[in-house]
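What follows is each chain in one-letter form.
There are 6 protein chains.
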Amino acid sequence: MSKVVTFGEIMLRLSPYGFLRFTQTDKLQYTFGGAEANVAVALAHLGVDVSYITKLPKNDIANAAINDLRRYGVDTSKIVTGGDRVGIYYLEKGASQRASKVIYDRAYSSISQANIGDFDWDKIFEDTKWFHLTGITPALKGNLPQICLEACKKAKERNITISCDINFRKKLWTSEEANEIMSSIMPYVDICFANEEDAETVFGIKASNTNIINGELSLEGYKEVANELTKRFNFKAVAITLRSSISASDNKWSAMLYHDNNYYFSKEYFIRIIERVGGGDSFAAGLIYSMMNNMQVQDCLEFATAASCLKHSIEGDFNRVNVDEIMTLMKGDGSGRVQR
Amino acid sequence: MSKVVTFGEIMLRLSPYGFLRFTQTDKLQYTFGGAEANVAVALAHLGVDVSYITKLPKNDIANAAINDLRRYGVDTSKIVTGGDRVGIYYLEKGASQRASKVIYDRAYSSISQANIGDFDWDKIFEDTKWFHLTGITPALKGNLPQICLEACKKAKERNITISCDINFRKKLWTSEEANEIMSSIMPYVDICFANEEDAETVFGIKASNTNIINGELSLEGYKEVANELTKRFNFKAVAITLRSSISASDNKWSAMLYHDNNYYFSKEYFIRIIERVGGGDSFAAGLIYSMMNNMQVQDCLEFATAASCLKHSIEGDFNRVNVDEIMTLMKGDGSGRVQR
Amino acid sequence: MSKVVTFGEIMLRLSPYGFLRFTQTDKLQYTFGGAEANVAVALAHLGVDVSYITKLPKNDIANAAINDLRRYGVDTSKIVTGGDRVGIYYLEKGASQRASKVIYDRAYSSISQANIGDFDWDKIFEDTKWFHLTGITPALKGNLPQICLEACKKAKERNITISCDINFRKKLWTSEEANEIMSSIMPYVDICFANEEDAETVFGIKASNTNIINGELSLEGYKEVANELTKRFNFKAVAITLRSSISASDNKWSAMLYHDNNYYFSKEYFIRIIERVGGGDSFAAGLIYSMMNNMQVQDCLEFATAASCLKHSIEGDFNRVNVDEIMTLMKGDGSGRVQR
Amino acid sequence: MSKVVTFGEIMLRLSPYGFLRFTQTDKLQYTFGGAEANVAVALAHLGVDVSYITKLPKNDIANAAINDLRRYGVDTSKIVTGGDRVGIYYLEKGASQRASKVIYDRAYSSISQANIGDFDWDKIFEDTKWFHLTGITPALKGNLPQICLEACKKAKERNITISCDINFRKKLWTSEEANEIMSSIMPYVDICFANEEDAETVFGIKASNTNIINGELSLEGYKEVANELTKRFNFKAVAITLRSSISASDNKWSAMLYHDNNYYFSKEYFIRIIERVGGGDSFAAGLIYSMMNNMQVQDCLEFATAASCLKHSIEGDFNRVNVDEIMTLMKGDGSGRVQR
Amino acid sequence: MSKVVTFGEIMLRLSPYGFLRFTQTDKLQYTFGGAEANVAVALAHLGVDVSYITKLPKNDIANAAINDLRRYGVDTSKIVTGGDRVGIYYLEKGASQRASKVIYDRAYSSISQANIGDFDWDKIFEDTKWFHLTGITPALKGNLPQICLEACKKAKERNITISCDINFRKKLWTSEEANEIMSSIMPYVDICFANEEDAETVFGIKASNTNIINGELSLEGYKEVANELTKRFNFKAVAITLRSSISASDNKWSAMLYHDNNYYFSKEYFIRIIERVGGGDSFAAGLIYSMMNNMQVQDCLEFATAASCLKHSIEGDFNRVNVDEIMTLMKGDGSGRVQR
Amino acid sequence: MSKVVTFGEIMLRLSPYGFLRFTQTDKLQYTFGGAEANVAVALAHLGVDVSYITKLPKNDIANAAINDLRRYGVDTSKIVTGGDRVGIYYLEKGASQRASKVIYDRAYSSISQANIGDFDWDKIFEDTKWFHLTGITPALKGNLPQICLEACKKAKERNITISCDINFRKKLWTSEEANEIMSSIMPYVDICFANEEDAETVFGIKASNTNIINGELSLEGYKEVANELTKRFNFKAVAITLRSSISASDNKWSAMLYHDNNYYFSKEYFIRIIERVGGGDSFAAGLIYSMMNNMQVQDCLEFATAASCLKHSIEGDFNRVNVDEIMTLMKGDGSGRVQR
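Line by line, the protein sequences give chains A, B, C, D, E and F.
This note's numbering runs 263 ahead of the 1-based position in the first sequence.
This note's numbering runs 263 ahead of the 1-based position in the second sequence.
This note's numbering runs 263 ahead of the 1-based position in the third sequence.
This note's numbering runs 263 ahead of the 1-based position in the fourth sequence.
This note's numbering runs 263 ahead of the 1-based position in the fifth sequence.
This note's numbering runs 263 ahead of the 1-based position in the sixth sequence.
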């Protein structure tokens with residue numbers, strides 16, 4: 264009873280090397296990613312038994328996606344085969360004042376065309392302790408809002424802890440659409456993950472005095488947000504990552520956890536960014552791990568924040584760090600000294 | 264009055280380097296190709312004024328496609344903007360007994376969703392002498408059969424020479440579908456290009472005694488095919504490329520031209536293949552060039568065959584050879600001696 | 264009861280790109296391989312449930328080796344952790360008259376230092392139908408001859424089919440050493456794999472009139488060898504791959520199977536070599552698969568030969584081809600025509 | 264009447280990847296650049312109709328240079344063919360305290376050997392609104408001082424706005440030579456671009472209290488310089504980029520515009536440098552664009568500064584950013600947040 | 264009498280590109296390094312006649328190591344041939360809070376198995392002025408403590424200046440082992456190099472109030488350390504590099520020299536790290552050069568510190584900077600401005 | 264008295280990877296080569312003490328050239344420093360019917376501008392046994408014909424054996440120019456190397472019945488040529504390489520040696536070409552080595568032919584094979600079997 268299940272879309276990620284623009288190169292990194300797959304792979308690196316659920320077509324690109332998950336120890340045996348294509352996202356990495364750029368080419372992917380009944384949740388949830396999903400999956404529309412809801416209900420029946428990252432994506436749906444669907448899912452959720460924009464955009468819950476563009480964060484405002492979210496959906500905990508974007512190359516990073524009427528704030532890290540994609544997902548994985556291992560609340564938060572701090576030093580969507588590495592940072596050694 | 268217009272779909276081409284399989288690499292060549300774009304670029308390398316027509320979305324991947332055409336001197340100013348995505352084809356290069364593998368991910372591309380009226384053929388055909396299309400474009404379905412037909416009619420009104428490569432693609436449509444649509448387009452066509460399978464699959468016209476798998480070609484059979492095609496559609500010429508596949512690494516390559524009741528056969532080349540994709544398109548470009556330049560019939564055929572022979576030594580969809588290089592080979596120097 | 268188990272050493276393989284020499288580059292391909300791991304990965308690509316057994320140290324290079332096996336679906340959960348290092352082999356790819364070059368740096372690897380008792384064969388062999396090993400593993404000396412013998416005995420007790428590839432490596436042991444150890448293991452073996460040199464070097468069984476350097480093979484001679492081997496060790500079958508080395512770039516490849524007093528010869532392939540390392544292992548995997556699936560004897564041989572023919576077109580130690588691809592070649596299509 | 268013409272030398276740029284030194288690698292980036300070509304390509308990215316004028320030999324390296332310009336939409340049809348070689352500059356990228364290093368190998372390039380009469384300025388300047396040149400071109404000596412002068416005269420006759428970047432290069436000529444030639448050209452110039460060293464080195468006009476090595480800039484001093492330059496040559500505007508070099512990795516960047524007796528200062532950016540080559544050229548392109556589009560004076564300056572700030576995040580000589588991206592930064596969002 | 268001799272182990276260095284982890288790539292940089300080889304190559308770049316002594320096996324990997332030294336002008340003619348393998352170290356480059364990671368695979372290397380008598384020190388030390396070794400070589404155990412001691416004695420007999428970098432490596436030996444062996448060698452040493460941890464770990468000499476993890480350095484404490492070391496071993500000088508690790512991406516770097524009862528402190532540099540491996544070795548080379556050239560004491564220190572500051576901007580173990588580049592920085596220009 | 268000296272121009276060689284065309288890539292291989300440097304490096308690989316003489320400018324590109332020679336053990340201490348640039352040749356590798364393409368950019372290189380008196384031949388020729396030059400060096404014109412002549416005279420005075428490869432390059436000079444200059448040098452030459460075109464183009468000595476384009480060689484004709492050359496210049500030996508170009512991918516390769524009125528013909532090799540540049544130079548190095556080692560005449564020829572056969576399997580200008588590898592092939596093993 265220690266398995267984690269995550270469910271969502273794994274996409275082919277096509278990215279120019281280094282800081283090259285899309286129109287400046289003839290070579291692309293060919294990797295895979297997606298919020299829930301990122302959580303699964305990060306958990307596998309932490310030694311957690313994790314199963315990833317999605318739908319993929321029967322072709323070699325899908326095989327490469329499965330291989331990439333399997334390589335890091337994620338169970339892929341429950342992935343459903345069918346449909347026509349693997350969704351794609353093109354990623355151009357920014358630097359200094361130039362932002363990273365994402366082009367989605369994920370419409371008509373196999374998972375977005377999934378049918379009610381494609382997933383045998385009873386089988387999937389055998390021996391499962393935790394189920395994680397994000398707001399990206401219902402945003403793919405089609406039958407996915409209904410499928411997500413069904414999954415949550417089935418998980419609930421089995422007393423599986425459910426965590427959900429709001430993860431609003433404005434290229435996928437509107438605030439109104441998100442509000443409607445997410446409001447139906449959230450009542451099943453135990454642990455809610457949000458970033459600085461999600462709560463406001465999806466649920467209209469606004470942190471006071473925060474200017475996202477400038478990167479100024481009001482900690483008091485975040486308390487309000489977490490409190491308000493909890494009142495509305497009765498979460499066991501709300502975790503909010505606090506990113507202060509100085510530039511595409513430098514960020515400050517910390518997090519807040521609202522739990523049992525207490526507010527916990529993590530240490531803040533000043534980060535030289537190698538890659539920021541997947542930062543939130545690595546935080547979620549860290550928190551799931553630490554909560555499943557019954558760490559102290561403040562430690563849970565510090566573990567998750569340290570894990571996601573390290574993610575920013577790693578190329579690709581996936582956080583490839585182990586428990587020892589996170590513990591070292593969490594205990595205060597972020598000096599980057601060579602170990603030899 | 265010397266411009267050539269080609270019309271079709273340019274796709275993002277994603278290909279592992281060397282002979283790596285899709286599941287064996289994390290890097291892809293990021294280039295572009297498509298039968299009609301290939302013809303356009305090959306013609307531009309021959310010094311021909313050529314304009315390429317398609318529909319592409321407004322994003323950086325489409326910009327990269329346009330840049331790639333523009334780079335080689337193809338006029339892209341008439342390309343229509345709109346729709347959602349650039350079509351993709353994944354290409355894994357074969358070797359020895361292992362065949363190259365193509366995975367199409369081109370459904371829902373901008374061009375495949377084109378609307379009647381997207382293309383202002385009167386404007387496009389200004390100063391145009393030759394119009395080239397292939398059977399791939401109507402195979403994309405939607406409005407494309409009708410758009411192709413309209414383009415042919417408009418070209419005919421202006422006395423523009425029309426060439427069409429049958430280019431049957433079994434992953435796009437059935438023989439029956441192809442037969443119906445192509446039979447409506449062919450009456451407008453002056454020069455018909457076909458390979459060893461097209462005539463039979465689309466029009467049921469079979470070369471006697473030919474075994475494509477074994478690579479044995481009956482020249483007599485091809486005469487029948489050309490003759491039969493001409494009888495049916497009243498072509499000015501039928502050109503058939505004759506590929507004898509020994510393996511993915513070695514092919515024999517020659518061509519036949521049926522013109523004015525005469526049969527012409529080219530020299531046969533034994534080719535060490537660097538890349539065979541685009542071989543037929545480079546032949547078409549060679550024949551269009553040589554016919555536009557009023558070469559002797561046998562020379563037209565030899566020029567086109569030599570051009571396409573050289574294509575097999577060049578990476579990517581596009582034939583990047585100039586007239587001098589083709590002439591050198593056509594005149595008999597295929598020794599590959601260093602020029603210094 | 265359909266699992267296959269293979270046991271041996273997986274090494275880090277470090278190889279210059281293309282045809283570069285060791286002293287000519289600053290970049291190495293970083294992959295993994297080893298005869299028995301190659302068989303395991305090839306079987307996984309054929310859809311077989313396969314478990315790979317070895318001993319690896321606790322470090323990131325070993326993790327990368329495990330990931331590489333896991334990526335292709337091989338069960339790595341029974342791999343034993345311990346020892347100090349991952350064995351290495353440096354490979355420089357030859358071309359034309361220049362031979363490929365292997366430098367071994369595998370002494371003191373974890374597996375070569377394995378202890379009696381490291382492997383719980385009873386657990387390993389649960390649900391197992393077939394056990395494959397090669398002569399390379401006992402050649403690593405230390406406790407490995409004894410461990411291999413124990414594994415064979417345990418397998419025999421469970422009626423598991425045992426196959427063994429003689430795979431003599433002159434850089435690891437002498438003919439005399441090999442003869443002594445292999446003679447103790449062979450009586451447990453059901454299916455024996457050998458190449459043109461093994462039988463003679465290890466057991467002094469010589470094919471008449473064969474000149475390995477010249478690449479001339481006497482088929483009659485091989486019949487004698489197979490017959491002789493069978494008489495000595497009472498094999499159910501002896502499979503011999505027949506490589507005719509024209510140069511490092513071109514080989515002829517076929518195989519013979521001696522089974523139930525009958526001699527079967529496969530089709531011969533003329534191969535343009537992309538990579539010949541792992542050719543014999545891919546043959547073994549093909550034969551194991553086809554025998555487990557109860558194909559006709561001649562079909563078993565043709566399947567294994569076609570599988571290993573295709574291997575020569577694939578980079579790296581592992582054969583990454585599926586059953587469909589092998590069947591296509593086995594049925595006669597080696598023309599390498601693009602599928603689209 | 265909206266075309267821009269730029270004239271100068273486009274060079275082959277050969278550069279080790281990353282931060283490797285010339286003596287440490289066997290691979291070079293093979294791109295093209297040169298001050299005036301950089302301005303042309305940047306303008307093309309802003310949607311401006313721009314024609315680039317130079318002289319290039321008839322060979323494939325020159326073709327690659329032309330292709331690179333054409334790829335981004337620059338008109339290359341007026342480039343003159345002739346001469347023997349494409350000029351080269353080798354660039355080694357610095358980091359931290361180590362400066363970037365340029366080795367010129369541009370002597371005897373086709374453009375440096377250009378003849379009086381090679382350029383048909385009447386034809387070149389048809390429909391032209393703006394002509395841009397830099398001090399690098401006359402510094403190539405030969406006939407170029409005279410050709411530049413002739414071009415300026417012809418432009419003046421047609422009421423074309425002329426901008427010139429002083430761009431002193433000490434490896435090409437002495438202060439004295441520069442002074443003499445530039446003093447003859449400057450009277451034709453409307454908009455003068457300079458950096459912190461140019462005015463002093465070429466015209467002996469020194470900003471008070473400025474220490475270039477330390478990167479301390481006295482804004483008052485720059486006012487004096489601009490004022491003095493204008494008095495001497497009667498410019499409509501003088502634009503000075505203000506670079507404060509903390510190290511090869513970090514710079515501060517802003518600019519001053521002197522226009523109509525007013526001094527305008529831009530916002531200052533703290534930049535993590537991906538590449539600083541072409542920074543000044545991207546500023547010039549930004550100012551030309553904004554002035555041609557009749558933005559407010561302060562906005563012209565902010566647009567140009569934001570454009571050139573972004574350039575520092577882009578590999579290669581060319582600024583590949585569009586108007587939207589510049590506007591976003593100009594309006595204050597330099598947070599580098601991912602857009603998705 | 265101007266030759267320098269260094270003695271130690273040169274290892275194959277295998278490193279993922281950029282910031283990739285060991286488990287995330289299939290490509291490794293293939294270079295060479297080792298403390299004493301690093302000093303030799305750095306000296307060769309400064310124009311010093313330097314000979315490197317080690318033992319290497321007879322194979323192509325060893326040849327590549329020799330070639331790499333020879334390429335930069337190091338004399339390799341005294342390298343002894345024998346033994347079985349080239350030692351390896353795997354290096355994963357860290358970033359931000361993630362530390363670089365070293366995996367040693369150097370056991371059983373040829374040098375570690377060297378025999379007493381392998382090295383003919385009389386011949387090696389002909390015309391030699393300076394001998395440099397480090398604590399890493401005796402840490403390899405076997406006969407190396409004795410060989411190092413013999414070398415020192417032989418050098419002393421010839422009045423050769425001896426410098427030794429303590430360079431404690433906890434993966435190679437314990438503090439106790441180091442203390443015993445190094446205490447026997449140190450009496451022969453004239454110039455002692457140490458970093459912030461060495462003196463304490465090996466000799467129990469602790470800088471007061473220094474917290475290495477936090478990167479806070481007490482300069483007073485270092486005076487004590489240098490003083491104490493000198494008292495114990497009677498050094499002519501003690502040089503201590505002072506690294507303040509803000510993160511794996513940013514360090515402060517300076518050094519202290521204790522000489523003739525005086526304490527000298529260098530300028531401190533704020534460094535954006537490209538690579539920190541070899542930083543201490545480049546400092547040692549800088550000090551050896553400047554002392555051999557009889558610079559003023561403060562200049563010696565500044566030269567060595569500037570040299571090693573620049574090393575941090577260079578990929579690989581070796582410092583590839585020349586005297587001019589160091590002088591420029593030493594004189595205060597660390598602005599990184601392009602030279603053109 | 265065993266040293267070899269070679270004299271000529273080492274050029275920067277810039278080459279697209281694989282079979283890419285110049286206009287199709289943004290990356291170039293950055294290596295060095297030149298006929299006489301190729302001979303020097305090949306000899307160094309054979310264990311010969313060899314010194315390379317040229318003139319190079321004082322910059323990092325020249326340093327890289329020197330490093331590349333030094334890396335393989337060639338003595339570079341006599342290279343003269345001065346002049347402005349390193350000559351360049353651009354190389355595009357051909358395949359199948361497409362020939363390799365060379366673009367020279369070597370005018371004004373340091374060596375081509377060398378002064379009479381730059382080279383101290385008395386010092387250079389100390390301890391020298393053999394001097395090798397080629398017709399390329401005098402073809403660079405300027406003072407080089409005179410310098411070459413002087414070198415030959417000085418060598419003659421010292422009884423140094425002189426070998427010269429005619430190596431006619433039509434891009435450097437005309438037949439008439441070559442004839443005049445080479446006729447003055449040849450009387451000093453002992454061993455003359457020529458290929459199938461040189462004798463005719465330079466000296467008007469034609470092999471009967473040979474068609475170079477078709478690759479048909481008349482052995483009788485070559486006897487005539489060698490005989491005729493010897494009669495004219497009184498050579499001790501004439502060596503002619505016989506290349507039969509089937510295509511850019513496949514050649515036949517053998518050689519003839521005329522010595523003491525006897526004609527020797529080597530074995531003929533069928534070669535799959537990895538790189539043919541430097542084939543003749545590697546033959547010259549092989550013959551120099553074997554003659555210096557007093558092999559039997561036929562063995563000398565076979566050694567040189569086998570050495571140069573292997574060169575065709577190696578990337579770059581330089582032949583990187585050792586004596587053992589050549590001997591193995593010379594003794595008949597060209598099967599390319601893996602050694603392990």
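One or more hints might be untrue.
Any copy will do: because identical chains look the same in the list, a pair fits if it lies in one copy or spans two.
Dumping the calculated DSS-like pairs for lysine-lysine here, alpha-carbon to alpha-carbon at most 30 angstroms [to be verified]: (1) K433 - K594; (2) K290 - K392; (3) K290 - K341; (4) K364 - K404; (5) K404 - K530; (6) K469 - K321; (7) K434 - K341; (8) K494 - K341; (9) K266 - K386; (10) K364 - K594; (11) K386 - K417; (12) K469 - K266; (13) K416 - K515.
Hints in this document: simulated from the structure, not taken from any laboratory.
*Which of the numbered hints above does this structure break?*
Failing hints, ascending: 2, 5, 6, 8, 12 and 13.
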